[in-house]
Amino acid sequence: MRPTLGDKLSITDMSLNEASHWTGELERRASQRTGQPIAQARAAIARRVGAMPGTLENLRKGRLNDIGRGLYERIRLALIDELSSEVRRLEHEIQTLRQIGVGCGSREMAEAIAHLEKARAALGNP
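If you're matching positions, the sequence shown starts at 202 in the working numbering and goes up one per residue.
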């Protein structure tokens, strides 16, 4: 059976799905990093990407039909910036652990390395 045109996601739908996922990831990371509830983290992210918090909430809940290319790019760049900052922080943490003599077999070092690999993979930098 051949797929019909209705079975395919449009570019707009894919962009909305990506932007929604990226926004959720930004919210989760900001909430964990700052200890703020998601709503406060969303407000900070909205300021960062130049959008209203309600727009990001509607995006996350699938209530938008379209987002502009500019907002899509700002969300994407905000996530890249967030992941890049995490990579730098983890590299510094690993360097500090090595300087204080923590071995490669320690739990702390293994966790830091695993998180670093995960962040690099998310950025596309193995």
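Be aware that a few hints might be false.
Unchecked claim - Restraint ranges, calculated between C-beta atoms of paired labels, are given here: (1) R299 x R264: 43 to 49 angstroms; (2) M253 x R289: 26 to 32 angstroms; (3) C305 x G271: 41 to 47 angstroms.
What the hints assert, rightly or not - Calculated cross-link-like contacts (lysine to aspartate or glutamate; reagent style EDC-like; alpha-carbon spacing at most 16 angstroms): (4) K262 x E226; (5) K319 x E292; (6) K262 x E292; (7) K319 x E283; (8) K319 x D214; (9) K262 x E318; (10) K319 x E287.
Hint data in this document are derived by calculation from the structure and do not stem from the laboratory. For each residue, glycine too, the CB sits at the ideal point set by N, CA and C.
Here is what the structure says about each hint:
Between R299 and R264, the C-beta spacing of about 48 angstroms keeps the proposed range 43 to 49 angstroms intact. At about 30 angstroms, the beta-carbon gap between M253 and R289 stays in the expected band of 26 to 32 angstroms. For the pair C305 and G271, the supplied restraint of 41 to 47 angstroms holds, since their beta-carbon distance comes to about 45 angstroms. Taken as a hint, the K262 and E226 pair is honoured in the structure, with Cα atoms around 14 angstroms apart against an allowance of 16 angstroms.
Restraint check: the Cα-Cα separation between K319 and E292 comes to about 13 angstroms, which is no more than 16 angstroms; the hinted pair holds. Restraint check for K262 and E292: not satisfied, since their Cα atoms lie roughly 35 angstroms apart, outside the 16 angstroms limit. A hinted pair counts as satisfied when its Cα atoms are at most 16 angstroms apart, and K319 with E283 qualifies at roughly 13 angstroms. With a C-alpha separation of about 27 angstroms, the suggested pair K319 and D214 falls outside the 16 angstroms cut-off, and the hint is violated.
Between K262 and E318, the direct Cα distance comes to roughly 30 angstroms. Violation of the 16 angstroms bound is thereby established for this hinted pair. Annotation: proposed proximity of K319 to E287 holds, straight-line Cα distance about 10 angstroms (limit 16 angstroms).
Comparing the model with each numbered hint stated earlier shows that hints 6, 8 and 9 do not hold.
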